[in-house]
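Asker: Here is how the chains run, residue by residue.
There are 2 protein chains.
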Amino acid sequence: MATTKIVTAYAPGTVANMVCGFDILGFALHEPADQMTLSLSDKPGIVIAPDEEYHLPTEPEKNVAGASLIGMMEAWGQPIGFELTMKKMIKPGSGIGSSAASSAGAVVAANHLLGNPFSKEQLVQFAMFGEKVASGVKHADNIAPCIYGGVTLVRSILPLDIISLPSPNLFVSIVHPQIEVRTADARAVLKHTIQLKSAIKQWGNIAGLVAGLMKHDYDLIGRSLEDHIIEPVRSILIPGFDDVKKRCKEAGALGGGISGSGPSIFMLSKQEDTAKQVGAIMADVYTRLGIDYHVYVTTINQQGIRLA
Amino acid sequence: MATTKIVTAYAPGTVANMVCGFDILGFALHEPADQMTLSLSDKPGIVIAPDEEYHLPTEPEKNVAGASLIGMMEAWGQPIGFELTMKKMIKPGSGIGSSAASSAGAVVAANHLLGNPFSKEQLVQFAMFGEKVASGVKHADNIAPCIYGGVTLVRSILPLDIISLPSPNLFVSIVHPQIEVRTADARAVLKHTIQLKSAIKQWGNIAGLVAGLMKHDYDLIGRSLEDHIIEPVRSILIPGFDDVKKRCKEAGALGGGISGSGPSIFMLSKQEDTAKQVGAIMADVYTRLGIDYHVYVTTINQQGIRLA
Chain A
1 MATTKIVTAY APGTVANMVC GFDILGFALH EPADQMTLSL SDKPGIVIAP DEEYHLPTEP
61 EKNVAGASLI GMMEAWGQPI GFELTMKKMI KPGSGIGSSA ASSAGAVVAA NHLLGNPFSK
121 EQLVQFAMFG EKVASGVKHA DNIAPCIYGG VTLVRSILPL DIISLPSPNL FVSIVHPQIE
181 VRTADARAVL KHTIQLKSAI KQWGNIAGLV AGLMKHDYDL IGRSLEDHII EPVRSILIPG
241 FDDVKKRCKE AGALGGGISG SGPSIFMLSK QEDTAKQVGA IMADVYTRLG IDYHVYVTTI
301 NQQGIRLA
Chain B
1 MATTKIVTAY APGTVANMVC GFDILGFALH EPADQMTLSL SDKPGIVIAP DEEYHLPTEP
61 EKNVAGASLI GMMEAWGQPI GFELTMKKMI KPGSGIGSSA ASSAGAVVAA NHLLGNPFSK
121 EQLVQFAMFG EKVASGVKHA DNIAPCIYGG VTLVRSILPL DIISLPSPNL FVSIVHPQIE
181 VRTADARAVL KHTIQLKSAI KQWGNIAGLV AGLMKHDYDL IGRSLEDHII EPVRSILIPG
241 FDDVKKRCKE AGALGGGISG SGPSIFMLSK QEDTAKQVGA IMADVYTRLG IDYHVYVTTI
301 NQQGIRLA
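Chains as they are written, first to last, in our numbering: chain A, 1 to 308; chain B, 1 to 308.
Source of the hints: derived by calculation from the structure; they are not laboratory data.
A portion of the hints provided could be inaccurate.
Chain A residues, not near chain B, derived (Cβ > 12 Å throughout) [stated by the list, open to error]: (1) Ser235; (2) Arg247; (3) Arg288.
No farther apart than 25 Å at their CA atoms in a straight line, the calculated lysine to any residue pairs in the SDA-like style are these [to be verified]: (4) B:Lys132 to A:Lys120; (5) B:Lys120 to A:Asp217; (6) A:Lys197 to B:Lys5; (7) B:Lys249 to A:Leu160; (8) A:Lys120 to B:Lys138; (9) B:Lys245 to A:Pro159; (10) A:Lys91 to A:Glu52; (11) B:Lys197 to A:Ile291; (12) A:Lys215 to A:His228; (13) A:Lys197 to B:Lys249; (14) B:Lys5 to B:Lys120; (15) A:Lys245 to B:Lys5; (16) A:Lys246 to B:Lys132; (17) B:Lys191 to A:Glu226; (18) A:Lys197 to B:Val189; (19) B:Lys197 to A:Ser156; (20) A:Lys249 to B:Glu52; (21) B:Lys197 to A:Asp161; (22) B:Lys138 to A:Leu196; (23) A:Lys138 to B:Lys249; (24) B:Lys215 to A:Asp217; (25) B:Lys215 to A:Ser119; (26) A:Lys197 to B:Lys197; (27) A:Lys249 to B:Pro159; (28) B:Lys197 to A:Leu160; (29) A:Lys91 to A:Asp292; (30) B:Lys249 to A:Lys246; (31) A:Lys197 to B:Leu190.
Note that CB positions come from ideal geometry on N, CA and C, so glycine has one too.
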């Protein structure tokens, strides 16, 4: 059997939670995207080339991509060797699915090199080993959209149940203020119990968001982008958050909020012009605050990981 | 202006909550339906004919239909007189929207007699005065499907935001065991706080149910009909509940649970034959328990209230 010996996976950033859909919703971006170059090797095991920018661990079990590949290799059951070179374009700790992109990119590339023996759902399972290394929790709300593309719902983790949600054209503006919010810290500020009446508002909005996406009803999408539970607690960790949200919505954004566990903030817009203006507002807020930042203006990536 | 002087509204029963959508989802049934006959009268005010079966209050402000009409008359602002005769086909306290049917039927009939000055959303607002009389809470999860038909989402009460959800053909089996569960009692057993991890499961299922309905994905609908929060507490008030649920699902029902605050139990099926078999199982369970019951096998009513 002839197999490709080397492949590069372009694994996009992702926005988890989508404001009201904590731990269940997410969508893929066109940019930024990690470049994960994987080749088959005659020597069984995983060799990870050091990356010069972020000095990520090169021991496979401590590296998110390595841990994901280990998970896949155990399922494969035959001796196999991989060599991995990563060009990280998504900064670790940005809140736009950096660890998910590396985890998912590695296993999608490996699956291609092996002749596609595994399903998308299995690939999500393997990449969740990487998320466990990154944050201590096996979650799939970034991995699912990275692999499936578009907007995804993780209805359940055990058993894993991923549903692709159709969505209309949406432009995404994202600002990554260069401050550190560790996923573990962002999880620690959450309360274990919540008010039933807040939960009812939240699930009304989640149902509204899913219906709005599927009906291509932009107003309903905007009305549903409210979070009564997570955002009030987590946004305290992100300087400038309230200002960004208020000014971006005034400029015509449908709505938005914290991307994943932050510190990145995303906003959705119906028109590209609005999304660009929203990006400029984000830049202005952090310029005034004297905090370094990076702004992306992009769209929802319906394809997910691309191989080349 | 020529106006119709008398009209009868056939106001259907409704199933609120739909298992995972506590306080936000509901759907209308083809049967049973209350018959609300309303006529214009020269004498301002509301006259309610006594009903012989249930001896409901005839003072307008204590009667759910009367309270709803009072709400509408205040918005109308001109002196007007109504005479109402009700033929209650939905037993009060059954959990299939008896008070909502009477409340909604009265205001939809009155709106017709006045030349349709009010929108559906306004009619829901008026009928919520009836729900307040019935249960002390102004909720819309039965009224919305009664007036709009089909499956409805009440995304928010303040401001009121009702969204019609497209749904595939679904057959509905309902059993009303003739025991009393007061809405107020069913609310009292609920805890004010819930676990965040339970809430996440719940909103995953709500998102799955909305997506399943809109995609016509029967399996997804079935998988999403799970309630980790309300059902474990409320089902204790309904003898036979676990048995009904287990046996109906074994017989091929997609899923189901408590209708509204109970004691009725509903099950959804893809095929009419399955729904009939499910109805027979429901009858068998309560026959064995020695509890009187009534079984309905019907479909989702896409029209809502019908006037004649």
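Asker: Holds or violated: are the alpha carbons of B:Lys249 and A:Leu160 at most 25 Å from each other?
Answerer: 21 Å, holds
Asker: Is it true that the CA of A:Lys197 sits at most 25 Å from the CA of B:Lys5?
Answerer: 43 Å, violated
Asker: Hey, A:Lys246 versus B:Lys132, does the alpha-carbon distance stay inside 25 Å?
Answerer: Violated - the C-alpha atoms of B:Lys132 and A:Lys246 are around 36 Å apart, more than 25 Å.
Asker: Verify the proposed pairing of B:Lys245 with A:Pro159, using a straight-line Cα cut of 25 Å.
Answerer: 21 Å, holds
Asker: Decide if the proposed pair is consistent with the structure: A:Lys249 and B:Pro159, CA atoms, cutoff 25 Å inclusive.
Answerer: The hint holds at about 19 Å.
Asker: If you draw a straight line from the CA of A:Lys138 to the CA of B:Lys249, is it 25 Å or shorter?
Answerer: Given that 25 Å is the threshold and the Cα spacing comes to 31 Å, the pair is violated.
Asker: Do the alpha carbons of B:Lys197 and A:Asp161 lie within 25 Å of each other, as the hint requires?
Answerer: Distance of about 17 Å is within 25 Å: holds.
Asker: Given the hint that B:Lys249 pairs with A:Lys246, does the C-alpha gap stay at or below 25 Å?
Answerer: 48 Å, violated
Asker: Would the hint linking B:Lys5 and B:Lys120 be met if the CA-CA limit is 25 Å?
Answerer: Distance of about 21 Å is within 25 Å: holds.
Asker: Given the hinted pair B:Lys197 and A:Ser156, is their alpha-carbon gap at most 25 Å?
Answerer: Holds - the C-alpha atoms of A:Ser156 and B:Lys197 are around 12 Å apart, at most 25 Å.
Asker: Under the criterion that the straight-line Cα-Cα distance not exceed 25 Å, is the pair A:Lys91, A:Glu52 satisfied?
Answerer: 13 Å, holds
Asker: Sort out whether A:Asp292 lies within 25 Å of A:Lys91, counting only the CA atoms.
Answerer: 13 Å, holds
Taken one by one, the earlier hints fail for this structure at numbers 4, 6, 8, 11, 13, 15, 16, 20, 23 and 30, listed in ascending order.
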